[in-house]
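If you're matching them up, the sequences are chains A and B in order. When you line the first sequence up against the working numbering, it's residues 1 to 165, in that order. When you line the second sequence up against the working numbering, it's residues 1 to 121, in that order.
Take these hints with a grain of salt, some might be off.
Only pairs whose alpha carbons sit at most 27 angstroms apart, straight line, appear in this in silico DSS-like list of lysine-lysine [claimed, not checked]:
id : chain 1 : residue 1 : chain 2 : residue 2
1  : B       : Lys87     : B       : Lys73
2  : A       : Lys150    : B       : Lys87
3  : B       : Lys85     : A       : Lys151
4  : A       : Lys150    : B       : Lys85
5  : B       : Lys17     : B       : Lys2
6  : A       : Lys10     : B       : Lys85
7  : B       : Lys73     : B       : Lys2
8  : A       : Lys71     : B       : Lys110
9  : B       : Lys110    : B       : Lys73
10 : B       : Lys93     : B       : Lys119
11 : B       : Lys87     : A       : Lys151
12 : B       : Lys87     : B       : Lys39
13 : A       : Lys71     : B       : Lys17
14 : B       : Lys87     : A       : Lys10
15 : B       : Lys119    : B       : Lys2
16 : B       : Lys73     : B       : Lys93
17 : B       : Lys85     : B       : Lys110
Label-pair distances were calculated between CB atoms; the ranges are [claimed, not checked]:
id : chain 1 : residue 1 : chain 2 : residue 2 : range
18 : A       : Asp29     : B       : Ser43     : 50 to 58 angstroms
19 : B       : Val88     : A       : Ser49     : 15 to 23 angstroms
20 : B       : Ile23     : A       : Pro76     : 20 to 28 angstroms
If you're looking for bench data, these hints aren't it; they were derived computationally from the structure. Treat the numbers as computed from the prediction; the structure is a model and nothing was measured. Beta carbons are placed, not taken as given, at the ideal position from N, Cα and C, and that holds for glycine.
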Amino acid sequence: MDPAFVEAFKFAISNFFSTMLSTEVEIADPSVSSSFESVFDVSGIIGLSGDVQGSVVVSFPTSTAEAVVTKFAGMPMSQDDDDFTDAIGEVTNMIAGGAKSNFPDTSVSISCPSVVVGHGHKVFRRHDLPVIEFACTCDCGAFAVQVTLKKETAEGSGNPTAQAA
Amino acid sequence: MKILLIDDSRTMRNIQKNVLQQIGIQEVTEAVDGEDGMKQYLSSQPTLILCDWNMPNVDGITFVQRLRAAGHKTPVIMVTTEAEKAKVVEAIKAGVNGYVVKPFTPDLLKTRIDEVMSKAA
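With the hints as constraints, model all of the structure from the sequences given.
Below is the structure:
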């Protein structure tokens with residue numbers, strides 16, 4: 001992955017958590033994972049199109065997701081609340097949107113977020129591209145941001161499909 | 001002051017409503033996209049509009065273009081993740097009066113509201 005994209009995602013993750021949650025995030029160096037590896041219990045998914053195509057998945061264990069959205073919304077929120085998936089979607093939107101705004105010399109659009117809830121679910125992405133994972137830790141718990149990107153206007157939407165395992 | 005808050009995320013509407021309440025604004029009408037926003041605008045006649053950009057159905061920039069095309073001059077602050085210079089320029093050309101990039105602090109939103117309303121006065 002272009003180092004500028006790596007820095008854009010690191011900045012977007014840190015900026016979201018520090019600005020909206022007053023929380024610092026520890027972000028490990030990015031690693032490559034399988035294109036269909038299982039993620040955590042709750043995943044926000046956004047597709048990218050334009051000069052850069054691909055997807056961004058922000059995935060949390062349930063306890064971390066509940067802690068994050070509680071801080072974000074400023075009120076207690078559990079997985080059973082009506083606004084839980086809305087809040088996870090907005091977290092994903094701000095991270096993906098914040099990152100793409102810092103991609104150098106590109107015009108990129110992001111989709112509206114989708115949210116998948118379910119233990120052991122998998123997110124299937126383009127199998128011809130590596131999945132770059134940013135393992136993150138904050139005082140809400142551990143979570144991951146997984147990114148699949150291709151910098152060109154090639155064939156294919158880059159949008160993932162999700163499947164509950 | 002009457003505010004029209006257009007955002008497809010109820011969480012974001014609640015966060016912004018909390019900020020508005022902190023500065024003493026209680027009269028807030030909500031809309032879930034640009035189409036709903038136009039209906040709510042015509043029925044509530046707000047003094048300021050806070051509008052997201054990326055929304056299903058009618059997005060924020062289309063809402064602003066339609067609002068201005070209809071001759072309405074109510075100030076609009078775009079509250080969005082779209083931070084690229086080209087997007088900001090596009091928004092200003094469409095008739096947006098202020099711009100707040102998500103994520104934002106409550107202070108930034110308050111400051112931008114003050115700035116826009118001062119110019120509109």
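Hint by hint, here is what the structure shows:
Distance check on the hinted pair: Lys87(B) and Lys73(B) sit about 21 angstroms apart at the alpha-carbon level, within 27 angstroms; holds. Distance hint between Lys150(A) and Lys87(B) is fulfilled; the C-alpha atoms sit about 22 angstroms from each other, no more than 27 angstroms. Between Lys85(B) and Lys151(A) the alpha-carbon distance is near 20 angstroms, which keeps this suggested pair within the 27 angstroms criterion. In summary, the hint linking Lys150(A) to Lys85(B) is supported, as the alpha carbons are separated by about 22 angstroms, within the 27 angstroms threshold.
The hinted pair formed by Lys17(B) and Lys2(B) meets the criterion: a straight-line CA distance of about 12 angstroms does not exceed 27 angstroms. Restraint check: the Cα-Cα separation between Lys10(A) and Lys85(B) comes to about 21 angstroms, which is no more than 27 angstroms; the hinted pair holds. Restraint check: the Cα-Cα separation between Lys73(B) and Lys2(B) comes to about 15 angstroms, which is no more than 27 angstroms; the hinted pair holds. A distance of roughly 20 angstroms separates the Cα atoms of Lys71(A) and Lys110(B); the hinted pair therefore holds under the 27 angstroms criterion.
A threshold of 27 angstroms between alpha carbons decides the hint, and for Lys110(B) with Lys73(B) the separation of about 21 angstroms falls inside it, so the pair holds. Proposed proximity of Lys93(B) and Lys119(B) is supported: the alpha carbons are some 17 angstroms apart, at most 27 angstroms. For the hint linking Lys87(B) to Lys151(A), the alpha-carbon distance of about 20 angstroms falls within 27 angstroms, and the restraint holds. Using a Cα cut-off of 27 angstroms, the hinted pair Lys87(B) and Lys39(B) holds, with the two alpha carbons roughly 25 angstroms apart.
Restraint check: the Cα-Cα separation between Lys71(A) and Lys17(B) comes to about 16 angstroms, which is no more than 27 angstroms; the hinted pair holds. Between Lys87(B) and Lys10(A) the CA atoms are separated by roughly 22 angstroms; this keeps the pair inside 27 angstroms, and the hint holds. Proposed proximity of Lys119(B) and Lys2(B) is supported: the alpha carbons are some 17 angstroms apart, at most 27 angstroms. Restraint check for Lys73(B) and Lys93(B): satisfied, since their Cα atoms lie roughly 14 angstroms apart, inside the 27 angstroms limit.
Proximity of Lys85(B) to Lys110(B) is assessed by CA-CA distance (about 22 angstroms); at most 27 angstroms being required, the pair is judged to hold. Asp29(A) and Ser43(B) have their C-beta atoms about 53 angstroms apart, which keeps the hinted 50 to 58 angstroms range intact. With their beta carbons about 20 angstroms apart, Val88(B) and Ser49(A) fall inside the hinted range of 15 to 23 angstroms. Range check, Ile23(B) to Pro76(A): Cβ separation about 25 angstroms, and the 20 to 28 angstroms hint holds.
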